[in-house]
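Asker: The chain contents come next:
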Amino acid sequence: MIITSSRVRILGTMHARGAAFVLMTVFALTACGPSEPEISGAPPDMRRLTDAQYVNSITDIFGPQIKAESQADPLIRTDGLLAVGARSARITPAGFERYYAQARTVAKRVVSAKNRASMFPCMPKDVAAADDTCARQYFTKVGRLLYRRPLTLSEVGTPADAASEATKVSGDFYRGIAVGLAGMLTTSKFLFIIDTTEPDPGRPGQERLTSFAKASRLSFLLWNTTPDEALLTAAEKGDLDSKEGLKRQVDRLMASHRLDTGVRAFFEDFLHFDQFDTLEKDNIIYPAFTIQVAEDAREQVLRTIIDHLILREQDYRALFTTRQTFITGGLARVYRVPTKRPAEGAWIPFEFPEDDPRAGILTQVGFAALASHPGRSSPTLRGKAVRESILCQKVPDPPSDVDFSLFEDPNSPNKTARERLTVHRTAPACAGCHKITDPIGLALENLDGVGQLRTTENGAVIDASGDLDGIPFTDAAGLGRAVSANPATTSCVTQRLASYALGRSAGPAEREYVKYLEQGFADDGYSIPALLRRIAYSDALFEILAPLVENVTRQLKTDDYTTQEHIREKQS
Amino acid sequence: MQPLETRLQFRSSLILLLTCVAGLSMITPAAAAETTTLGFVVRDWFTSVFNSKFLDECPEGLVIANDELWWRGLSKEERAKQTENGLIQNLARQFSTPRRGPNGEHVCHDPTVVTDPPLRIVEGKYSFGANIDGNIDGSPTPKTCSHVNFTNPDDETPGIDNQMYRLLGCVYGWRHGGLPEANAHEMRGTSGLGMILIEVSGVTDPRNSDDVTVTFYRSIDQFALAGDGRPLPYSSYNIEMKDGKPRYRDSLKGSIKDGVLTTERGDVSLPFYGNYNFMHPAIRDMDLRLEITDDGATADGMVTGYYNVDEFVYYIGGMTGHVSGGTNCPSMYVAAHQLADGYPDPETGQCTHLSSAFDIGAYAAFIIHPDKEERTAQR
Chain A
1 MIITSSRVRI
11 LGTMHARGAA
21 FVLMTVFALT
31 ACGPSEPEIS
41 GAPPDMRRLT
51 DAQYVNSITD
61 IFGPQIKAES
71 QADPLIRTDG
81 LLAVGARSAR
91 ITPAGFERYY
101 AQARTVAKRV
111 VSAKNRASMF
121 PCMPKDVAAA
131 DDTCARQYFT
141 KVGRLLYRRP
151 LTLSEVGTPA
161 DAASEATKVS
171 GDFYRGIAVG
181 LAGMLTTSKF
191 LFIIDTTEPD
201 PGRPGQERLT
211 SFAKASRLSF
221 LLWNTTPDEA
231 LLTAAEKGDL
241 DSKEGLKRQV
251 DRLMASHRLD
261 TGVRAFFEDF
271 LHFDQFDTLE
281 KDNIIYPAFT
291 IQVAEDAREQ
301 VLRTIIDHLI
311 LREQDYRALF
321 TTRQTFITGG
331 LARVYRVPTK
341 RPAEGAWIPF
351 EFPEDDPRAG
361 ILTQVGFAAL
371 ASHPGRSSPT
381 LRGKAVRESI
391 LCQKVPDPPS
401 DVDFSLFEDP
411 NSPNKTARER
421 LTVHRTAPAC
431 AGCHKITDPI
441 GLALENLDGV
451 GQLRTTENGA
461 VIDASGDLDG
471 IPFTDAAGLG
481 RAVSANPATT
491 SCVTQRLASY
501 ALGRSAGPAE
511 REYVKYLEQG
521 FADDGYSIPA
531 LLRRIAYSDA
541 LFEILAPLVE
551 NVTRQLKTDD
561 YTTQEHIREK
571 QS
Chain B
1 MQPLETRLQF
11 RSSLILLLTC
21 VAGLSMITPA
31 AAAETTTLGF
41 VVRDWFTSVF
51 NSKFLDECPE
61 GLVIANDELW
71 WRGLSKEERA
81 KQTENGLIQN
91 LARQFSTPRR
101 GPNGEHVCHD
111 PTVVTDPPLR
121 IVEGKYSFGA
131 NIDGNIDGSP
141 TPKTCSHVNF
151 TNPDDETPGI
161 DNQMYRLLGC
171 VYGWRHGGLP
181 EANAHEMRGT
191 SGLGMILIEV
201 SGVTDPRNSD
211 DVTVTFYRSI
221 DQFALAGDGR
231 PLPYSSYNIE
241 MKDGKPRYRD
251 SLKGSIKDGV
261 LTTERGDVSL
271 PFYGNYNFMH
281 PAIRDMDLRL
291 EITDDGATAD
301 GMVTGYYNVD
311 EFVYYIGGMT
321 GHVSGGTNCP
331 SMYVAAHQLA
341 DGYPDPETGQ
351 CTHLSSAFDI
361 GAYAAFIIHP
371 DKEERTAQR
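Going down the list, the sequences are from chains A and B. Under the working numbering, residues 1 to 572 are what the first sequence spells out, in order. Under the working numbering, residues 1 to 379 are what the second sequence spells out, in order.
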């Protein structure tokens, strides 16, 4: 089975509760600056959950005692983001097998004797026999969380029937429930975030996102997880269709500590931190760089980002110059700085001295190690990473017939990477790209392949000077200042965050919208929370391009909603 | 947010992390920048033993160990009974064979309860170590007893005082690869016990400093190990404190020349752990020589000085592995006292200490003083 999230139309029917309203609230945010330009939107879409979203969703739906793992088929990074690649993700047969195995494990834990009391809204009359009423109650409750919307009666019937059949075979009500639940966990309705639509009462002839689809967009953007009960309830009430209601929910989500999770997810994607999963270093050359240190290095950058951008709400540009960070005992060995006796795994606030060449996240072990080879640093990889990830500037792929012999010759008289690259650049085919990557990467040559400070290479003093688009520097900290001052730095993160939120590349059609965000970002002192809030408030986040389709049997009808009240009504 | 007040524990070829030194809160930044502090954690501590290729230094062979003496003392009937037709296990003997006193006393706990053949001691010319007493003929001085000196095998330097080697050089367990030394080394590596920290303060240049102070502490932290089991340089180690002060903190004056640290002599108490013994030997007239590598990550060297005989007897009495180690407590007890060459007892004139030498290996470390305020590390 292959499920592909190509552009499909999924029609929802949540009749707009309070649908005919007129936009009455004017945000102070937009009142003070340029107004949001209109965008045409894109056709409704579906995006596969990332591994983190899958795990977060399971945890939030079933509780922290239900541990899950996800090893989905890899996403293809598209226009710099895996989040954009998620819209063209597929589930291969092998990937589905992993999903199914994980679903069975989760379902088994959910119905275990230890957990079932807190999970189920009812008790079966006889645990050895099927209880369709209780099963339907359960699947109605859990299905709303899994599918991020209420279920139709038929959607409840499918797992309930499966549970009933399985109970007859196993003689165990809960084992039957586990079968039904595992089925729900492997449907596209759970594994994909689906843009359900409904007729737009404000624009006759057009569709719009349902409140539940909006809830999912908000929740995955800000918390990187499934909508919580309050957000689903707001969607049910139609609150998200009004500016005021939307603002209330955005403000609530933004005020939560769980915003950290959402911001982390974006920056993990933005900085290509998925590469940590396959990061390898030669432990003979770098004995201090253990598996734990690799994990700490990744966490350090993210922790610095959250502290700097969210907790202290500092200027995004200063992320490349800040000397404040956090370290563990393992990282302290790599940085060669002292630490007081930390508890195992404890993080300690740390500030690099003013005269230290290390400042900003580009000089942290996480970045330095990731953009390096297993046994040595790589000015080219580092320069490419800064150009592509931080500045959103495409570096062309190298030609297929590159001659590395001059660069990698162990007997070369050229001791430093700068000297070797100078020779390498004599090849005309190489010169063009290296001209844009190497000055950046060479500025980081005082950091070896795992980010340890050094002043010499093969006995020769390292020259870390250079310039970035006309701004000169003499060391890694200077590069950070140059990156910080580069206009592309702020426009890049704005463009990527917009794409991340929209779930698609913010292209020419969104050019004005991105400009609007960039201006707002500048007006707000380059505050990432303010930028996130501006995006979450914006109409563009929910805009879709979907003409009304007549004579279509919609997947969901209001009358079919399986709210608890509805179930009770049916039963009575 | 401030990093920690520390002792600087390492140097690299050009970059040096400096730290503030304890009690220098009134020093101006400019003054503080004039000196740095180096730190090391000691990983290797082995009795310095010169092993010739053909055991020339032990013409009678290795020491007749406790196990053999026990065996010799058994009747045929007892041998048959004890050995279960020749198949007695090594482990079982560990606990039974030292109990060969007249009334079953443990001869390592009570080494005078039996009289064993004299210990086979080193009779060779060469030994590592140092000329501790200052003379080359081994004649007595007010602080020493008459003894025979060695010559350094590397450079033929005469006057080497190392009676500890003379005592242990023919005991299998102290020769290269011998079990007691290897076992003690292994236990220190994984237990976090007996951890010695060396702090070198007042360093103006990590390769050449005329006047430095070397202070010895005990760490309460275990080694941070790499995947191959070796300690990772530049780890942080907290000093053991007692009543608000470092429990160990003896200091020696010294200097660094071309990356080699040497100290004057003085009395130093050190922590020690090995073979299930917790000890705190006070080494008298101790000095340290440490060759620091160019990158400052590691250092190798030697400690010499006078080691208390009673401390040594306590160690061999309390250790296990007498069978595997080839030791014999009663004869070692007698020989240790006979060979003692330092610090004569004022009443008896009998010397109480053995001149000794220990090979050490150390790794660059950050030494954390829990009693000091946090300060910003400086480069």
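In short, the hints are calculated from the structure, not lab data. Fair warning: there could be bad hints in the mix.
35 angstroms max Cα-Cα, derived DSBU-like pairs, lysine-lysine [to be verified]: (1) B:LYS81 to B:LYS53; (2) A:LYS108 to A:LYS67; (3) A:LYS340 to B:LYS257; (4) B:LYS253 to A:LYS340; (5) A:LYS189 to A:LYS247; (6) B:LYS53 to B:LYS372; (7) A:LYS340 to B:LYS372; (8) B:LYS53 to A:LYS415; (9) A:LYS340 to B:LYS242; (10) A:LYS340 to B:LYS245.
Remember, it's a predicted structure, so these values are computed and weren't measured experimentally.
Asker: Indicate, hint by hint, whether the structure satisfies it.
Answerer: A quick look at each hint next to the structure:
Taking the CA atoms of LYS81 (chain B) and LYS53 (chain B), the gap is near 39 angstroms; set against the 35 angstroms cutoff, the hint is violated. Using a Cα cut-off of 35 angstroms, the hinted pair LYS108 (chain A) and LYS67 (chain A) holds, with the two alpha carbons roughly 11 angstroms apart. Between LYS340 (chain A) and LYS257 (chain B) the CA atoms are separated by roughly 31 angstroms; this keeps the pair inside 35 angstroms, and the hint holds. For the given pair, LYS253 (chain B) sits about 27 angstroms from LYS340 (chain A) by alpha-carbon distance, which is consistent with the 35 angstroms threshold.
Between LYS189 (chain A) and LYS247 (chain A), the direct Cα distance comes to roughly 27 angstroms. Compliance with the 35 angstroms bound is thereby established for this hinted pair. For the hint linking LYS53 (chain B) to LYS372 (chain B), the alpha-carbon distance of about 51 angstroms lies beyond 35 angstroms, and the restraint is violated. Distance check on the hinted pair: LYS340 (chain A) and LYS372 (chain B) sit about 11 angstroms apart at the alpha-carbon level, within 35 angstroms; holds. Taking the CA atoms of LYS53 (chain B) and LYS415 (chain A), the gap is about 43 angstroms. The hint is violated against a cut of 35 angstroms.
Pair hint LYS340 (chain A) plus LYS242 (chain B) holds up; C-alpha atoms about 17 angstroms apart against a cutoff of 35 angstroms. A hinted pair counts as satisfied when its Cα atoms are at most 35 angstroms apart, and LYS340 (chain A) with LYS245 (chain B) qualifies at roughly 17 angstroms.
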